[in-house]
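Q: Position in the sequence shown (first residue = 1) + 10 = the working numbering.
FYI, nobody ran anything at the bench for these hints, they're computed from the structure.
The structure presented is a predicted model; accordingly, all values stated were derived computationally and were not measured.
It cannot be assumed that every hint is accurate.
When the alpha-carbon atoms are kept at most 27 Å apart in a straight line, the in silico DSS-like pairs for lysine-lysine are as follows [unchecked claim]:
id : residue 1 : residue 2
1  : LYS56     : LYS175
2  : LYS175    : LYS133
3  : LYS120    : LYS175
4  : LYS133    : LYS120
Cβ-Cβ distance ranges computed for the label pairs, FRET-style [unchecked claim]:
id : residue 1 : residue 2 : range
5  : ARG155    : THR34     : 43 to 49 Å
6  : GLU125    : GLY171    : 23 to 29 Å
7  : GLU125    : THR39     : 38 to 44 Å
8  : ALA129    : ASP36     : 42 to 48 Å
9  : ALA75     : SER116    : 36 to 42 Å
All C-beta atoms, glycine included, are put in the ideal place defined by N, C-alpha and C.
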Amino acid sequence: MSSSSPRSTGDTPEPTPGLTRFNTADDTTARAALHEVCASRAWAGKVLAQRPYATTDALFTASDAAMAELTAEDLAEAMAGHPPIGRPKPGDPTSHREQSGMSGASEALKAEMLELNLAYQDKFGHVFLICASGRTGEQMRDAVRHRIDNTPEQEREIVRGELGKINRIRLTRIAHAEGDAA
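Required output: the full structure, derived from the provided sequences and hints.
A: The structure is reproduced here in structure tokens:
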């Protein structure tokens, strides 16, 4: 645990109970929690090094800064932690929750997403990544159709932004968690 004073960028004077647990967790526990947010070791190391956080906004700021500094290799590591849209990780409630927009999709839409995912992966060498929370299957399909025409450089920066959105959602769950989890 860091002995520096809490960083604050928001108006809330006291960290939430979940954020306090994250701040005071041993490094191994906190790193494991961050790995559930983002599979990039570089990102997790940068976020971990900034503890403690006075507010969720301060945690977001650190996450965003760490995301902006990731190399192409770090981004590839982060993306490797995400299953293709329409195929959430079995037994992973986060994956199922985030991809719930595909749960009621027709078999035709699921088949189309599989085909588009494969074409995207052939072109870019990684899964199509989008912050799927709150999106319908049709919206995700339309996004992959649009993005498949991007250059690899354009797509890398879009992916960086999408990962940042996903990280914020997942960090919010840590910061506002009830119980003993970091």
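Q: Could you run down the list of hints and mark each one as holding or not?
A: Here is what the structure says about each hint:
no.: 1; hint: LYS56 <-> LYS175; in the structure: holds (17 Å)
no.: 2; hint: LYS175 <-> LYS133; in the structure: holds (24 Å)
no.: 3; hint: LYS120 <-> LYS175; in the structure: holds (24 Å)
no.: 4; hint: LYS133 <-> LYS120; in the structure: holds (20 Å)
no.: 5; hint: ARG155 <-> THR34: 43 to 49 Å; in the structure: holds (46 Å)
no.: 6; hint: GLU125 <-> GLY171: 23 to 29 Å; in the structure: holds (25 Å)
no.: 7; hint: GLU125 <-> THR39: 38 to 44 Å; in the structure: holds (41 Å)
no.: 8; hint: ALA129 <-> ASP36: 42 to 48 Å; in the structure: holds (44 Å)
no.: 9; hint: ALA75 <-> SER116: 36 to 42 Å; in the structure: holds (41 Å)
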